[in-house]
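Each chain, letter by letter, is given below.
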Amino acid sequence: MSSSPYAPAPESTRPRLRDEYGLFIGGKWCSPQRGRYDVTIDPAREEPIARIAYGGPDDVARAIRSARKAYERWWAPMKPATRAKYLFRIARAITERSREIAVLESMDGGKPIREARDFDVPTAAAHFFYHAGWADKLEWVLRAGRRPHPLGVCGAIVPWNFPLLMAAWKIAPALACGNTVVLKPAETTPMTALLLAEIARDADLPPGVLNVVTGDGATGAALVAHPGLDKVAFTGSTEVGREIARALAGRETRLTLELGGKAAHILFADAPLDQAIEGVVRGIYFNQGHVCCAGSRLLVEESILDESVARLQQRIDRLRVGDPLDKNTDIGAINSRAQLERIDELVRSGVEQGATLIQQRCDLPERGYFYRASFFTNVQSSHRIAREEIFGPVLAVMTFRTPEEAIEKANDTPYGLSAGIWTERGSTNMAVAQRLRAGVVWCNTFNRFDPASPFGGYRESGFGREGGVHGLGEYLA
Amino acid sequence: MKRVCVDAVMLESRANELAARSIKGETKRAWIDLAISCIDLTTLEGRDSPGRVRSLCAKARTPLPGSGAPSVAAVCVYPNFVGIARRALEGSGVRVASVATAFPAGQSELAVKLADVEQAVRAGADEIDMVVDRGALLSGDEDRVTVEIAAVKNRCGDRHLKVILETGELGSYTAIRRACDLALEAGADTIKSSTGKIGTNATFPTALAMCDALASFFRRTGVRRGLKLAGGIRNTKQALGYLAILNETLGEPWLDPGSFRFGASALLDDLLMQRERIRTGHYTRPERIPKD
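From first to last, the protein sequence lines are chains A and B.
To convert a position in the first sequence, counted from 1, into the working numbering, add 17.
To convert a position in the second sequence, counted from 1, into the working numbering, add 3.
Simulated from the structure, these hints should not be mistaken for laboratory data.
What you are looking at is a predicted structure, and each value in this text was computed from that prediction instead of being measured.
Errors might be hidden in some of the hints.
[As the list claims (entries may be wrong)] Using C-beta positions, here's what the derived DEER-type ranges look like:
#1 R280/B x S29/A: 13 to 21 Å
#2 S29/A x G71/B: 50 to 58 Å
#3 H166/A x T203/B: 30 to 38 Å
#4 D259/B x M447/A: 22 to 30 Å
#5 S444/A x D144/B: 24 to 32 Å
#6 R64/B x R384/A: 26 to 34 Å
#7 S95/B x D135/A: 51 to 59 Å
#8 D36/B x T99/A: 56 to 64 Å
#9 T203/B x R442/A: 45 to 53 Å
We put the beta carbon where it would ideally sit given N, CA and C, even for glycine.
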């Protein structure tokens, strides 16, 4: 039973953009000292969006100096309730400009406008609102009797999957606690970070409280290497996380890492299957699977394997892959050519190792980096697709017979960021959740976020928490 | 038959997401006409009169003269007006539907309910909208529910039987799903959400739960049964939302008056307004759409 296609419903708003963007340091736009620029492209059209500065060590040093000055002169001594006002102002500005930001996020990163509009932007605003409320109540964060102190200058390095949201996760608590920030967005998705800089300036945030230094991995490395940082907050790959931990070893600089994942859904035979399949689909195909906590493994109780696979196959055929700016698109563009090649390589390894590949039947746009929603059956725990983070719309389906086996398989990974349990029985939910080694366990839902809820991983998924009281503690001494 | 449980949080989130699909351009134009042709134009009031039924029938045939709008699927009335509707709709292709079985509460003996059905059938109804015994459903007496549906179906002969579940009174999505499964198993040609006579009518999540039941029945038996959503569906945006839910769960074959109906009265006027806007490029005055 096929579904009827929809006429195009393109988002009509287009953000006003400049051809070239410099670095945002000390409240002003400036050119990188070595003068290096490169383009950021729209992955759905393979067309440039703007030229972006690539900051070098000198620029990083300048940004940290300006952040230090802002910290000492204005931000740390400021009355906490006044800091809160700035954060509220930024939160409101994000809400007011939400449509423009959503379009830009979708253009630069390839994600569907529906997700940018309904998830990324409102959740980013929610983080600012939430943390604004905390700014003058920080004595409740720490143990009774301890006075909260900010750390100083924080370096925030964020990935390309949720550019604005990950920036908000770091900037909002850092500023609420009285720290200043140097933000380094990913080179493929710098646009909304630059727009956030513009918002901060329009909100009259004191110069230097938020600095944005765009660039690639070298810029990030220069930031981490600088001795003037008091804290580094990183979200990204486990590989880069390791390098950062190595660079900071033996230094006073505090560190939180939010890294990769290989989360498992455990689907019990008594689960509400219609909703569970829907949750599994959202768990892996949300944001093209570019989600560190994506549910990329599905452990199904053996008795419902055939039904689940049949339902899953039927369901992915209904996903709409295509123009991220069309309001009905479910799966947008893969963020970059390099990522597309990595997904393709891992999927080929799955086929070579003997797993069965099932892909959605649909046409892909002629231009742009697109990938079909895919899943594998007959997957063994030793297969690469069951162990490595694919970071794409690819799910590995495996089976279990007893809860014991399910728990064992779910924990059989070097990661431990998230997990999902699908069952109608509350007792099963509780018993299994207790034994999953994952920072977040979702029961009968998946990929739900709230600024009040701490998020973070076990083992190779990193350490430290973001969000809620736990997250605030990471920005206080 | 296996009991299926439904998770409210995911169901509601999915339903609202589907209902927010952006239906534009050619799809919007086609779906407005589809929605019109799927309407059971309904009047179920104590003040219904032969004149009012006749004027409703005229509107059902030609909703807006000169506009090219299609006629609706059926006119839905109380049993005592079936004969009048039958004559008024002669040759139009618009079917006559009648509520029966002690509509809307269903609080009567089976013999009385069957007599109600029989009268409607004898007067020429093509379709019967019966109400299920919610008391039996809620108390767990599922046999009574299925026996009653089967008996009514038997009395309907080859008439199309719609079974009204009154989902607003069932208390949970799991109970709604159970009612759908029982009704389909007992021989309902169409499952229908509401009478329109209580506070809670059709909602997007209810519609999705019903679609899931129909999809499951289709997978099990290969038979396509119908869906009717009724009560509180007043504007085009809601109608398009329901059609999107239908489209993405059951699929294209259900987008047809043979498998899907809206039970409504005010909805038609808003669909016609939107249709006129697309056809002429500007909004028409509400006064230009005949009231009934």
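Hints, one by one, checked against the model:
no.	hint	verdict
1	R280/B x S29/A: 13 to 21 Å	18 Å, holds
2	S29/A x G71/B: 50 to 58 Å	29 Å, violated
3	H166/A x T203/B: 30 to 38 Å	54 Å, violated
4	D259/B x M447/A: 22 to 30 Å	46 Å, violated
5	S444/A x D144/B: 24 to 32 Å	29 Å, holds
6	R64/B x R384/A: 26 to 34 Å	50 Å, violated
7	S95/B x D135/A: 51 to 59 Å	44 Å, violated
8	D36/B x T99/A: 56 to 64 Å	59 Å, holds
9	T203/B x R442/A: 45 to 53 Å	29 Å, violated
Hint compliance for this structure: hints 2, 3, 4, 6, 7, 9 are broken, all remaining hints hold.
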